[in-house]
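> Sequence:
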Amino acid sequence: MEFVSISFQRTDLVTITIIIITIIIITTTIIIIIIIITSTTIIIITTTIVIITIIITTTIIIIIIIITITTIIIITITTIIITTIIFTITIIITTTTITITTIIITTTIIIITTTIITTTIITTTIIITTTIITTIIIIIYQNA
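Numbering (my numbering), first residue to last: 1 to 144.
By construction, these hints were calculated from the structure, which means they are not laboratory data. All of these numbers come straight from a predicted model, not from anything done at the bench. A portion of the hints provided could be inaccurate.
[What the hints assert, rightly or not] Between beta-carbon pairs, the in silico distance windows are:
#1 Thr120 with Ile93: 35 to 45 Å
#2 Thr59 with Ile32: 34 to 44 Å
#3 Ile35 with Thr71: 51 to 61 Å
#4 Thr47 with Phe87: 50 to 60 Å
#5 Ile140 with Thr120: 29 to 39 Å
#6 Ile103 with Ile138: 49 to 59 Å
#7 Ile73 with Thr48: 29 to 39 Å
#8 Ile49 with Thr29: 29 to 39 Å
Don't be surprised by glycine CBs; every beta carbon is placed ideally from N, CA and C.
Let the sequences and hints guide you as you build the complete structure.
See below:
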């Protein structure tokens, strides 16, 4: 009978060992599953945060680039318009000044030339008339 008792005790020991090993395997499996789930969740959350950050940053950069390009275009167009207006006004003023100056100089030259020609004609007429009258008077006095 002793032998049966020992055998039974060994069976109990084997059963306890199997139960302990099973508990260890189940616990380890649960821990591994928890770790995998936690890791996956952390990876998913991190990836999502990174993707959202990249999207937000890219959007901000694109908006800044669009604003900058628009500003540069507006400034360039405004500068071109202002420069064109200033250039046109300058050309108009310069052309007007040159025209007025040319008219004044031409008029002055015409007046001076006319005066000189008129004076010359009058003086020549007076000299010729005086010479003719003097000659007639001399001829009349000599024949008298």
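> Hint by hint, say whether it matches the structure.
Here is what the structure says about each hint:
In this structure, Thr120 and Ile93 meet the distance hint of 35 to 45 Å, their C-beta atoms being roughly 40 Å apart. The hinted window of 34 to 44 Å between Thr59 and Ile32 holds, with their beta carbons roughly 40 Å apart. Hint check: Ile35 to Thr71, Cβ distance near 53 Å, so the stated range 51 to 61 Å holds. In this structure the hint that Thr47 and Phe87 lie 50 to 60 Å apart at CB holds, the actual value being about 59 Å.
For the pair Ile140 and Thr120, the beta carbons lie near 30 Å from each other, so the given range of 29 to 39 Å is met. Separation of Ile103 from Ile138 is about 51 Å and conforms to the stated range, judged on CB atoms against 49 to 59 Å. As the Cβ distance of Ile73 to Thr48 is approximately 37 Å, the hint placing it in 29 to 39 Å holds. In this structure the supplied range 29 to 39 Å holds for Ile49 paired with Thr29, their Cβ-Cβ distance being about 30 Å.
The structure agrees with every numbered hint stated previously.
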